[in-house]
Amino acid sequence: MLASMQGAVESGLLYALMALGVYITFRILDFPDLTVDGSFTTGAAIATVMTINGTQPWLAVICAFLGGAAAGLCTGLLHTKGKVNGLLSGIIMMIALYSINLRIMGKPNLSLRNQMNAFDQIPVIAIAIVLAIAVKILLDLFFKTDIGLSLRATGDNSRMIRSFGANTDVTKIVGVALSNALVACSGALIAHHQKFADNSMGIGMIVIGLASVIIGEAIFGAKSIFRATLAVILGAIIYRVIYALALRVPGMEAQDMKLITAIIITCALVVPTVRRAINLKTTARKRTAEVLAGVRQTGGGER
Amino acid sequence: MLKIDGVSKLFNPGTVDEKIALMNANLHLKPGDFVTVIGSNGAGKSTLMNIISGVMKSDAGKIFIEGQDVSELTEYKRSKWIGRVFQDPMAGTAPRMTIQENMAMAYTRGKGRGFSFGVTRAKRELFKNELHRLGIGLENRLNAKVGLLSGGERQALSLLMATFTRPQILLLDEHTAALDPARAELITTITESIVREMKLTTLMVTHNMEQAIRLGNRLIMMDKGRIILDIPESRKKDLTVEQLLGEFERISGSKLADDRIVLG
Chain A
1 MLASMQGAVE SGLLYALMAL GVYITFRILD FPDLTVDGSF TTGAAIATVM TINGTQPWLA
61 VICAFLGGAA AGLCTGLLHT KGKVNGLLSG IIMMIALYSI NLRIMGKPNL SLRNQMNAFD
121 QIPVIAIAIV LAIAVKILLD LFFKTDIGLS LRATGDNSRM IRSFGANTDV TKIVGVALSN
181 ALVACSGALI AHHQKFADNS MGIGMIVIGL ASVIIGEAIF GAKSIFRATL AVILGAIIYR
241 VIYALALRVP GMEAQDMKLI TAIIITCALV VPTVRRAINL KTTARKRTAE VLAGVRQTGG
301 GER
Chain B
1 MLKIDGVSKL FNPGTVDEKI ALMNANLHLK PGDFVTVIGS NGAGKSTLMN IISGVMKSDA
61 GKIFIEGQDV SELTEYKRSK WIGRVFQDPM AGTAPRMTIQ ENMAMAYTRG KGRGFSFGVT
121 RAKRELFKNE LHRLGIGLEN RLNAKVGLLS GGERQALSLL MATFTRPQIL LLDEHTAALD
181 PARAELITTI TESIVREMKL TTLMVTHNME QAIRLGNRLI MMDKGRIILD IPESRKKDLT
241 VEQLLGEFER ISGSKLADDR IVLG
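In the order they appear, the protein sequences are chains A and B.
Residue numbering for the first sequence follows full-length UniProt numbering, beginning at 1 and increasing consecutively.
Residue numbering for the second sequence follows full-length UniProt numbering, beginning at 1 and increasing consecutively.
Read the hints as simulated data drawn from the structure, not as lab findings.
To give an idea of the interface, some chain B residues facing chain A are shown, with a C-beta separation under 7 Å as derived from the structure: (1) E75; (2) Y76; (3) R84; (4) R113; (5) G118.
The calculated lysine to any residue pairs, modelled on SDA-like cross-linking and capped at a C-alpha distance of 25 Å, are: (6) K136/A to G114/B; (7) K144/A to L142/B; (8) K123/B to S224/A; (9) K223/A to K123/B; (10) K136/A to V119/B; (11) K144/A to H132/B; (12) K145/B to P272/A; (13) K111/B to R159/A; (14) K62/B to N167/A; (15) K83/A to S71/B; (16) K144/A to G110/B; (17) K81/A to K80/B; (18) K77/B to D30/A; (19) K145/B to A218/A; (20) K3/B to S234/B; (21) K281/A to G151/B; (22) K136/A to R121/B.
A virtual CB, placed ideally from N, CA and C, is assigned to each residue, including glycine.
Working from the sequences, and respecting the hints, build out all of it.
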């Protein structure tokens with residue numbers, strides 16, 4: 001039990017990079033980017049193949065990062081310059097990457113057993129914690145720079161930031177590229193962690209990323225960027241813990257997990273909406289009663 | 001300062017909905033000119049603003065700013081010269097970002113954006129001083145999210161953001177129209193003082209006739225995509241709303257129709 005919890009936290013921290021990537025597109029840019037399902041595998045594929053061919057594992061992870069950025073760049077270009085709908089441009093890239101990933105790997109799955117590994121010298125948990133925190137801090141700082149501010153404004157009010165001279169096409173492309181770079185980096189680390197890469201390992205990744213973002217924000221809040229990035233990391237860990245616990249329920253199998261994910265994310269999305277609607281109704285009723293009482297007291301309907 | 005030379009724009013060209021939005025519009029603003037623009041529905045006032053700022057490209061004619069032809073420049077490139085305030089108080093600011101972050105984005109108008117921090121201690125002092133001029137206490141709420149401000153406060157902030165970096169041209173597109181009368185009056189007062197102090201070359205669309213006469217040193221009237229009347233400072237001083245309506249009917253042959261017109 002304890003061992004499986006530690007494993008959940010470890011992989012949660014590694015998946016947290018992917019979740020931070022999803023946070024950038026989904027929350028900051030307000031752009032639902034489905035490239036993630038493909039670029040996660042791209043990262044894993046690049047890192048695995050390079051490691052097998054004798055490259056230093058960490059150099060391979062950096063190359064995976066760049067590969068993901070390239071994938072994001074394509075999605076960004078498709079959306080901004082090609083004027084393709086955001087969802088659709090992500091789907092197009094996702095499908096394209098499926099073939100590209102197979103080309104990179106040469107076959108549907110590759111093993112990293114008996115190869116050099118990124119986690120050879122230092123325990124996974126130590127690297128994962130340092131990496132997640134470092135990326136979080138770098139992102140927090142980035143979003144305070146002039147470029148970072150204009151990127152956030154692009155998702156918040158693109159008309160406004162254009163009127164102040166930002167090229168929103170560029171900010172979108174930068175955001176989507178950065179996002180997919182982090183996603184690919186996460187894929188590379190997961191491949192090293194589980195010692196294999198599989199062409200279908202990215203399927204459903206966007207939903208897992210969204211689940212992490214939404215769970216994290218629901219529990220820890222997202223008042224500032226600092227809080228939100230922390231919440232996303234914790235959300236990714238909590239998702240993995242739920243996953244590990246769910247697998248221990250009798251009769252539950254690994255194949256059911258995508259359904260569980262869908263149920264978790266549905267709850268996380270619907271519950272706040274329902275709660276908000278109920279709150280609004282109660283407040284409106286209460287205020288109306290108060291206002292009416294006030295009018296009666298002053299003895300007239302005149303304004 | 002700003003020269004509009006024979007600018008025309010068609011909406012939906014070549015379709016049954018084809019409509020003349022602007023027809024051979026000519027306008028020349030001298031430095032420091034404060035021009036108010038009035039006109040009926042669909043007269044082309046907003047189109048004129050959109051074409052100057054680069055949101056739309058004209059089909060014919062040219063736009064010059066400080067003698068430079070900017071007709072082919074995109075909106076974000078033209079923003080180097082142009083400050084803008086929109087009608088919708090929500091449009092000019094980013095709601096999920098703080099007041100100082102919004103100010104920081106306005107501060108970089110016309111400059112390159114790099115990896116330096118948007119808000120530094122020095123800039124925060126500058127923002128505070130600028131916000132203080134508005135006189136509505138925003139300088140004490142630098143870390144408040146802009147989405148928490150009222151419509152009037154947001155519009156005042158938009159106005160400050162558009163102007164404190166001294167743009168060559170200020171475009172105001174009915175920027176008091178969506179506010180209640182008291183707040184509209186506050187924004188009008190702030191507008192007047194900012195434009196006067198900074199000597200900004202300003203083009204202001206308004207549907208408030210009294211405001212159009214009271215503010216600025218020149219008034220133009222538009223109808224059906226044309227500039228039909230251009231009243232210089234000398235005549236504007238003793239102009240009345242009745243005279244203005246009379247002029248409109250005389251030239252265009254119909255009554256001024258604007259569903260939001262305010263006579264003053």
